[in-house]
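2 protein chains.
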Amino acid sequence: MKYSYVSHLECPKCYEVYPKGEVHHLCSCGSPLLVRYDLKALSEAMSPKDLMERELTLWRYHELLPVEDPGSVVSLGEGMTPLVPMTKLGKEMGLFHLYMKDEGMVPSGSFKARGAAVGVSKAKELGVKEIAMPTNGNAGAAWSLYAARAGIKATIVMPVDAPEITRKECIVAGADLHLIDGLISDAGQVVAKAVAEHGIYDASTLKEPYRIEGKKTMGLELVEQMNWSMPNVILYPTGGGVGLIGIYKALLELREMGWIEGNLPRLVAVQSTGCAPIVQAWQDKSRSSEFFENAYTQAFGINVPKAIGDFLVLDAIYETNGCAVAIDDATMLKELETIGRTEGAFVCPEGAAAFAAARELKQKGWIGEEETVVILNTGQGIKYPETVKVDVEVLRKGESLSRV
Amino acid sequence: MKYSYVSHLECPKCYEVYPKGEVHHLCSCGSPLLVRYDLKALSEAMSPKDLMERELTLWRYHELLPVEDPGSVVSLGEGMTPLVPMTKLGKEMGLFHLYMKDEGMVPSGSFKARGAAVGVSKAKELGVKEIAMPTNGNAGAAWSLYAARAGIKATIVMPVDAPEITRKECIVAGADLHLIDGLISDAGQVVAKAVAEHGIYDASTLKEPYRIEGKKTMGLELVEQMNWSMPNVILYPTGGGVGLIGIYKALLELREMGWIEGNLPRLVAVQSTGCAPIVQAWQDKSRSSEFFENAYTQAFGINVPKAIGDFLVLDAIYETNGCAVAIDDATMLKELETIGRTEGAFVCPEGAAAFAAARELKQKGWIGEEETVVILNTGQGIKYPETVKVDVEVLRKGESLSRV
Chain X
1 MKYSYVSHLE CPKCYEVYPK GEVHHLCSCG SPLLVRYDLK ALSEAMSPKD
51 LMERELTLWR YHELLPVEDP GSVVSLGEGM TPLVPMTKLG KEMGLFHLYM
101 KDEGMVPSGS FKARGAAVGV SKAKELGVKE IAMPTNGNAG AAWSLYAARA
151 GIKATIVMPV DAPEITRKEC IVAGADLHLI DGLISDAGQV VAKAVAEHGI
201 YDASTLKEPY RIEGKKTMGL ELVEQMNWSM PNVILYPTGG GVGLIGIYKA
251 LLELREMGWI EGNLPRLVAV QSTGCAPIVQ AWQDKSRSSE FFENAYTQAF
301 GINVPKAIGD FLVLDAIYET NGCAVAIDDA TMLKELETIG RTEGAFVCPE
351 GAAAFAAARE LKQKGWIGEE ETVVILNTGQ GIKYPETVKV DVEVLRKGES
401 LSRV
Chain R
1 MKYSYVSHLE CPKCYEVYPK GEVHHLCSCG SPLLVRYDLK ALSEAMSPKD
51 LMERELTLWR YHELLPVEDP GSVVSLGEGM TPLVPMTKLG KEMGLFHLYM
101 KDEGMVPSGS FKARGAAVGV SKAKELGVKE IAMPTNGNAG AAWSLYAARA
151 GIKATIVMPV DAPEITRKEC IVAGADLHLI DGLISDAGQV VAKAVAEHGI
201 YDASTLKEPY RIEGKKTMGL ELVEQMNWSM PNVILYPTGG GVGLIGIYKA
251 LLELREMGWI EGNLPRLVAV QSTGCAPIVQ AWQDKSRSSE FFENAYTQAF
301 GINVPKAIGD FLVLDAIYET NGCAVAIDDA TMLKELETIG RTEGAFVCPE
351 GAAAFAAARE LKQKGWIGEE ETVVILNTGQ GIKYPETVKV DVEVLRKGES
401 LSRV
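Protein chains in written order, with full-length UniProt numbering: chain X, 1 to 404; chain R, 1 to 404.
In isolation and in its complexed conformation, chain X is listed as follows (with noise of 0.2 Å):
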């Protein structure tokens, strides 16, 4: 049996087929290459109980991923993230079935690792010796680990108003890090200059095509947690929109394989009042998003003006009867410190604003209160420690608490 059932890249626009085993990035038409699979020889080849006694990582899945050798595998035990219950916090929304898959369980604290594990491993099996990239923190970091995992090189364009902590990954993985006072879309122009005057792997959201296999993996867990059923609700963050694309992604390929069955989870993207590209593409009943100018959210991961695979976003909202959902930031606070006090987890701010839109889409009843509803949390809150504030009195030695 193969190691991984790959068999050539394709372009969801335009359909142009490309061949597995070489480098590429954008489809000649300018869309983002999708990866695919022999699904029929996979499906006739294995079943679900072959993935019982696997390592508890997201490798279990490695013939539905694109490294073809496990000697180019880069790993650091990434993936089996918990599906946590949250009882209490659903109760209180008015939902009896709400569950956390929690992302910030991997390595680098956040879901961003899982498109690094096997963007980074591909690149290895393919030659790849350098690779650059744009980023709002998270991604730049797990890049920058994982690469330095497999010996290459890394070069990292942040803006100055990401996520601190994302710099010190970068620079304890020994990477090329620049800051830019800018946004991500000036981040990407620096790296395509840099590209294409120095000839180095692209590896920006959805250039370079294995990033969303990591990232479906996330989609594949979930239904293997769920004993290979779906949930009626997916909400996703969404700011360059992989995670969601990877999920949709995953369903599609287990549905054709016959590992599950009937309709796809309804997929809601969301976003923050100060950045929703996708929420005014989505109320326009549009395939594709403009640039949303003037970008501002504490949540930072989802400050993402015009993300490239906008339109496989919208794809997967329209497909599966979803919606997208805007948050503004001082909701998403007050549900981070809600979600924090209710049920003792320290979400980060996207993942606290997927939470405040499936509160928003439970009282407008497009959520009903029966139904199962699975938020990821695609970080870990200490990464963003300004969120919370702290005012305490300081005690000397010898000083007793005073009770109230």
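One thing to keep in mind: the hints can contain errors.
Claimed, not checked - As a list, the in silico DSS-like pairs of lysine-lysine whose alpha-carbon atoms are at most 25 Å apart:
| no. | chain 1 | residue 1 | chain 2 | residue 2 |
| --- | --- | --- | --- | --- |
| 1 | X | LYS20 | X | LYS129 |
| 2 | X | LYS306 | R | LYS397 |
| 3 | R | LYS153 | X | LYS88 |
| 4 | R | LYS389 | X | LYS153 |
| 5 | X | LYS129 | R | LYS362 |
| 6 | R | LYS49 | R | LYS91 |
| 7 | R | LYS129 | X | LYS88 |
| 8 | R | LYS88 | X | LYS129 |
Said to hold, decoys possible - Beta-carbon label-pair distances, calculated as ranges:
| no. | chain 1 | residue 1 | chain 2 | residue 2 | range |
| --- | --- | --- | --- | --- | --- |
| 9 | X | ASN263 | R | MET46 | 37 to 43 Å |
| 10 | R | PRO85 | X | LYS2 | 22 to 28 Å |
| 11 | R | GLY368 | X | TYR15 | 38 to 44 Å |
| 12 | R | MET52 | X | SER229 | 31 to 37 Å |
| 13 | R | GLY398 | X | TYR15 | 32 to 38 Å |
| 14 | R | GLU261 | X | GLY199 | 32 to 38 Å |
| 15 | X | GLU369 | R | VAL392 | 46 to 52 Å |
| 16 | X | TYR318 | R | GLY94 | 35 to 41 Å |
| 17 | X | TYR15 | R | LYS91 | 45 to 51 Å |
| 18 | X | GLN280 | R | GLY94 | 54 to 60 Å |
| 19 | R | PRO85 | X | GLY30 | 39 to 45 Å |
| 20 | R | LYS40 | X | ASP50 | 34 to 40 Å |
| 21 | R | SER229 | X | SER47 | 27 to 33 Å |
| 22 | R | SER28 | X | ALA330 | 32 to 38 Å |
Since the hints were made in silico from the structure, they are not lab data.
Here a beta-carbon is modelled for each residue, glycine too, at the ideal position from N, C-alpha and C.
Position chain R relative to chain X; hints supplied.
Chain R only, in chain X's frame:
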């Protein structure tokens, strides 16, 4: 079959026995109490293969944990952290079988989540409504979060110098946080007074007997991950020492049950030269430690000048032919950077100290190149941003990267 095979509590110093199912703290002789199980009955009722289909958390070992009613379990999905091969770093050190068990990948990003999960669950089972504890930061953060999930009020006292992010975790969980201008020992006095005056449940290290049971699961997981075999050496960053005591207890219990056999790994307690009471005691061949004056280290988690369980740590070292090693802060931080650049892992300074100790013990010939060595990285590097200095240029929009 019972959910837990807990039988009673026992004093490891005077062998006094206390019944399970009641609140107990220290023995009347002043020693911490240990939880005992009916290992004979358990070994007859169960074998390792019964674990195979269990959930991927530390609760998979519930028979060897003190919580008797599954309804008491307070979980955020903690446990089953990866055992990561550190091949490149090991080769550089001359160690051909070097592994890191990465305790950063649990809720709150440090191994303290294990003790908190089991300790809070048992407190809930015992009907506790309010807990108090001193902490060097990470334990307070973890206990605050699990207490919030359990609906238990938490009062936390930590040094002002403790990692700042841990304050935020306490606050987001709604804990009653106090800072103190002193060490954890000073915080301990404040808590002791509050406990005596207000009848709060004392959750201080080893003053409640269940935290150690949570930490024990690191040892259970490790041998399960090694297919019920043991490494030759385990290195553990040692402050209060509960992690090391817990791993030792786990190995003894598994051996008594016949699930593992042979010599136990040599256990190595790793401290900082700035706070090395266990190392001093070991060098003096003593069975207990002296208060370490003027303690200071950047590895704040091991800044414990006198541990209540010191004699248990020293026992574990002596009984396994282990040793104790002190690492200075500069060496530790250099090792932290080497680990990042070589293996792509951003470890905490305490974890880095343990790697530096492995390097030193290999150089001295105390560890042989063919021995299997496991290092516990007790938390994520991102909780200690000050360990990495960032000094990079800020580009303006439209600027290009200069290539060296």
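Each hint tested on the structure:
1. X:LYS20 x X:LYS129: holds (19 Å)
2. X:LYS306 x R:LYS397: The given pair, whose Cα atoms are some 17 Å apart, holds under the 25 Å limit.
3. R:LYS153 x X:LYS88: Holds. LYS153 of chain R to LYS88 of chain X sits at ~16 Å (cutoff 25 Å).
4. R:LYS389 x X:LYS153: holds (20 Å)
5. X:LYS129 x R:LYS362: violated (32 Å)
6. R:LYS49 x R:LYS91: This hinted pair is violated, its Cα atoms lying about 34 Å apart.
7. R:LYS129 x X:LYS88: Judged against 25 Å, a Cα distance of about 17 Å means the pair holds.
8. R:LYS88 x X:LYS129: Holds. LYS88 of chain R to LYS129 of chain X sits at ~17 Å (cutoff 25 Å).
9. X:ASN263 x R:MET46: 37 to 43 Å: holds (41 Å)
10. R:PRO85 x X:LYS2: 22 to 28 Å: holds (24 Å)
11. R:GLY368 x X:TYR15: 38 to 44 Å: 59 Å Cβ-Cβ, so the 38 to 44 Å window is violated.
12. R:MET52 x X:SER229: 31 to 37 Å: At 22 Å between Cβs, range violated.
13. R:GLY398 x X:TYR15: 32 to 38 Å: holds (36 Å)
14. R:GLU261 x X:GLY199: 32 to 38 Å: violated (57 Å)
15. X:GLU369 x R:VAL392: 46 to 52 Å: holds (50 Å)
16. X:TYR318 x R:GLY94: 35 to 41 Å: Cβ of TYR318 of chain X to Cβ of GLY94 of chain R: about 58 Å, so the range 35 to 41 Å is violated.
17. X:TYR15 x R:LYS91: 45 to 51 Å: Given about 47 Å between the Cβ atoms, the range holds.
18. X:GLN280 x R:GLY94: 54 to 60 Å: Between GLN280 of chain X and GLY94 of chain R, where Cβ atoms are some 59 Å apart, the hint holds.
19. R:PRO85 x X:GLY30: 39 to 45 Å: Cβ of PRO85 of chain R to Cβ of GLY30 of chain X: about 41 Å, so the range 39 to 45 Å holds.
20. R:LYS40 x X:ASP50: 34 to 40 Å: About 37 Å separates the Cβ atoms of LYS40 of chain R and ASP50 of chain X, which means 34 to 40 Å holds.
21. R:SER229 x X:SER47: 27 to 33 Å: holds (31 Å)
22. R:SER28 x X:ALA330: 32 to 38 Å: Violated, at about 54 Å.
In summary, the structure is inconsistent with hints 5, 6, 11, 12, 14, 16, 22 from the numbered list given earlier, while agreeing with the others.
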